[in-house]
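S.K.: Residues per chain are reported as follows:
Protein chains: 2
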Amino acid sequence: MQEIKIFSPATVANLSCGFDVLGCCLENIGDEMRVIKNSLQKVRITKITGQDLPMEAENNVAGVAVISMLEKLKEKQGFDIEINKRIKVGSGIGSSAASAAGAVYAVNQLLGTPYHAMELIPFAMEGERLASGNPHADNVAPALLGGFSLVRSYDPLEVISLPCPEDLRMVILHPLIEIKTKDSRAIIKQSVSLKKAISQWGNLGAFVSALHTNNYELLGRSLVDEIVEPNRSILIPYFQELRSISMESGALGFGISGSGPSVFSMCRGDEDAIKVKRAIQNFYENKGIEFDLHLSRINPYGIKIL
Amino acid sequence: MQEIKIFSPATVANLSCGFDVLGCCLENIGDEMRVIKNSLQKVRITKITGQDLPMEAENNVAGVAVISMLEKLKEKQGFDIEINKRIKVGSGIGSSAASAAGAVYAVNQLLGTPYHAMELIPFAMEGERLASGNPHADNVAPALLGGFSLVRSYDPLEVISLPCPEDLRMVILHPLIEIKTKDSRAIIKQSVSLKKAISQWGNLGAFVSALHTNNYELLGRSLVDEIVEPNRSILIPYFQELRSISMESGALGFGISGSGPSVFSMCRGDEDAIKVKRAIQNFYENKGIEFDLHLSRINPYGIKIL
Numbered sequence: 020m021q022e023i024k025i026f027s028p029a030t031v032a033n034l035s036c037g038f039d040v041l042g043c044c045l046e047n048i049g050d051e052m053r054v055i056k057n058s059l060q061k062v063r064i065t066k067i068t069g070q071d072l073p074m075e076a077e078n079n080v081a082g083v084a085v086i087s088m089l090e091k092l093k094e095k096q097g098f099d100i101e102i103n104k105r106i107k108v109g110s111g112i113g114s115s116a117a118s119a120a121g122a123v124y125a126v127n128q129l130l131g132t133p134y135h136a137m138e139l140i141p142f143a144m145e146g147e148r149l150a151s152g153n154p155h156a157d158n159v160a161p162a163l164l165g166g167f168s169l170v171r172s173y174d175p176l177e178v179i180s181l182p183c184p185e186d187l188r189m190v191i192l193h194p195l196i197e198i199k200t201k202d203s204r205a206i207i208k209q210s211v212s213l214k215k216a217i218s219q220w221g222n223l224g225a226f227v228s229a230l231h232t233n234n235y236e237l238l239g240r241s242l243v244d245e246i247v248e249p250n251r252s253i254l255i256p257y258f259q260e261l262r263s264i265s266m267e268s269g270a271l272g273f274g275i276s277g278s279g280p281s282v283f284s285m286c287r288g289d290e291d292a293i294k295v296k297r298a299i300q301n302f303y304e305n306k307g308i309e310f311d312l313h314l315s316r317i318n319p320y321g322i323k324i325l
Numbered sequence: 020m021q022e023i024k025i026f027s028p029a030t031v032a033n034l035s036c037g038f039d040v041l042g043c044c045l046e047n048i049g050d051e052m053r054v055i056k057n058s059l060q061k062v063r064i065t066k067i068t069g070q071d072l073p074m075e076a077e078n079n080v081a082g083v084a085v086i087s088m089l090e091k092l093k094e095k096q097g098f099d100i101e102i103n104k105r106i107k108v109g110s111g112i113g114s115s116a117a118s119a120a121g122a123v124y125a126v127n128q129l130l131g132t133p134y135h136a137m138e139l140i141p142f143a144m145e146g147e148r149l150a151s152g153n154p155h156a157d158n159v160a161p162a163l164l165g166g167f168s169l170v171r172s173y174d175p176l177e178v179i180s181l182p183c184p185e186d187l188r189m190v191i192l193h194p195l196i197e198i199k200t201k202d203s204r205a206i207i208k209q210s211v212s213l214k215k216a217i218s219q220w221g222n223l224g225a226f227v228s229a230l231h232t233n234n235y236e237l238l239g240r241s242l243v244d245e246i247v248e249p250n251r252s253i254l255i256p257y258f259q260e261l262r263s264i265s266m267e268s269g270a271l272g273f274g275i276s277g278s279g280p281s282v283f284s285m286c287r288g289d290e291d292a293i294k295v296k297r298a299i300q301n302f303y304e305n306k307g308i309e310f311d312l313h314l315s316r317i318n319p320y321g322i323k324i325l
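Sequence lines, in order, name chains H and W. For the first sequence, the numbering used here gives the first residue as 20, with consecutive numbering after it. For the second sequence, the numbering used here gives the first residue as 20, with consecutive numbering after it.
Some hints here could point you the wrong way.
Note that identical chains are pooled: a pair holds if it fits in a single copy or bridges any two copies.
Straight-line alpha carbon distances no greater than 25 angstroms define the calculated DMTMM-like cross-link-like pairs of lysine to aspartate or glutamate that follow [as the list claims (entries may be wrong)]:
#1 294 to 185
#2 214 to 245
#3 56 to 77
#4 214 to 138
#5 294 to 75
#6 323 to 138
#7 215 to 245
#8 107 to 51
#9 323 to 177
#10 294 to 51
#11 107 to 311
#12 208 to 245
#13 61 to 51
#14 104 to 267
#15 215 to 202
These are calculated hints, taken from the structure and not from any lab test.
Using the sequences provided together with the hints, build the complete structure.
M.R.: This is the structure in structure tokens:
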């Protein structure tokens, strides 16, 4: 195979109770990428459309992810990477993860799949390290694996795929304001009260159990974050109002997507999700803030070949 | 029904990654209790064998639990409670929980079950409040419900029953030294680093998923506690050696039971559990510390009527 074209999905990380360990994969929001073998023994970013991003491979999340993988494989083959960037940078729905995960996925395919999807995670994390200084796995893992991913441990890295109740829908509001992941991380306190931490792991345990038992109401009740949300939500215009509107319109739960500014409303079924989406639209369109609004299923497969 | 005799089981709370939210029920270790309706419109503790405990109902964990339940029911009926205390006080395997949960269970039966088992938890927690100053649910819940219980939230109280892989076995070592729950709680820092908290909720999420998928190895890997164990383990003689011996003998994981001094080795199947038990016995019997050593299945039903 000389070239490959793929769709690399957006992802929602953290999901309230799962800060830094939990993420899920979206279906109809994502980048398109084309990766072509070259004969130059180097990785090049040859085209980027949709967003303004670095063209030097060593300075591009897709580039560094692929370079780290080729180094590990001691592979000399070079690749040209074209990115049609449809996930906006800084949106909080895994823009850097989609590029990094998509690139390593594509190269892995072109090299005859020396790695399983799970084994690609550490390489994609190198893209995250470049993007935010923090090589987190909670976006790249669900992008590569689909569905819900839980990072049990970073040292050694262990990621667990969790089951996904079929009727789950995500409504994603992206207010077009810029919050850099770096800044959004800086606002987080590095020490937490034991009491709040206990509450957080109680909720995460319940969320995981609810995924296994298709318990939609429990999923919603478990979407609680007393640790990060109180600080980060300040950066998101009308956060509390958006929560109220979502819940009143039938959402199961509501929270910040990744490091924001996107927020998610988790819903059961299309009917409720459409109602929630409409209510958010009505509320937000007179606020003087431009925004994108998405409704998506959970994507159970992750990246797909086009 | 005029009287009832029950078996109220020992329980293992915390389970490393689930501090204050997780517990499981043991099968062959527990108290026997007899509760008889009296015509005095009051709750009396009429007999305690096996351990030296307060006979005044208002000062006894079983007594206060029943009193709180009768107050809520506006019930005038009086009860005599006899306790054959076979779980040692201060063992760390839910001694106070067995008395409190057993008493409310028995009285509920004698009153024609006005409450479901789940609804009895708050009354039993009043016993825990008396015992340790902290009305925690992670022992009384598994005593009442059986299997594994997860406390998602204390306010409002929500407890979730988790499935239990059939081959799980627990080897419990109780070194006969005294650590009061109050003292053992005092040693815990009330603030934790975010990094360690994240690691804890990653492990708890994985543990819950492993219970749902019968993944024994993952259960073992998830039994990690960076938050409480480093402090509490100091109070337990030969803690690190016990861990090494357990793991080398085939245990899935090892940790502190409740607030100690008991420790548990989680094992898969009788053969491994017997090996672990023997190795612990050989190691501990020359250390000049008296001890009890138990091997138990997980009890899926909780309290049972005799």
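S.K.: Compare the structure with each hint and give your call.
M.R.: Each hint tested on the structure:
no. : hint       : result
1   : 294 to 185 : within (19 angstroms within a copy, 44 angstroms between copies)
2   : 214 to 245 : both (10 angstroms within a copy, 16 angstroms between copies)
3   : 56 to 77   : within (18 angstroms within a copy, 79 angstroms between copies)
4   : 214 to 138 : between (36 angstroms within a copy, 24 angstroms between copies)
5   : 294 to 75  : neither (44 angstroms within a copy, 59 angstroms between copies)
6   : 323 to 138 : within (17 angstroms within a copy, 48 angstroms between copies)
7   : 215 to 245 : both (6 angstroms within a copy, 16 angstroms between copies)
8   : 107 to 51  : within (13 angstroms within a copy, 64 angstroms between copies)
9   : 323 to 177 : within (23 angstroms within a copy, 40 angstroms between copies)
10  : 294 to 51  : neither (29 angstroms within a copy, 55 angstroms between copies)
11  : 107 to 311 : within (10 angstroms within a copy, 62 angstroms between copies)
12  : 208 to 245 : both (12 angstroms within a copy, 19 angstroms between copies)
13  : 61 to 51   : within (21 angstroms within a copy, 74 angstroms between copies)
14  : 104 to 267 : neither (34 angstroms within a copy, 51 angstroms between copies)
15  : 215 to 202 : both (23 angstroms within a copy, 22 angstroms between copies)
Against the hints set out earlier in the document, violations occur for numbers 5, 10 and 14.
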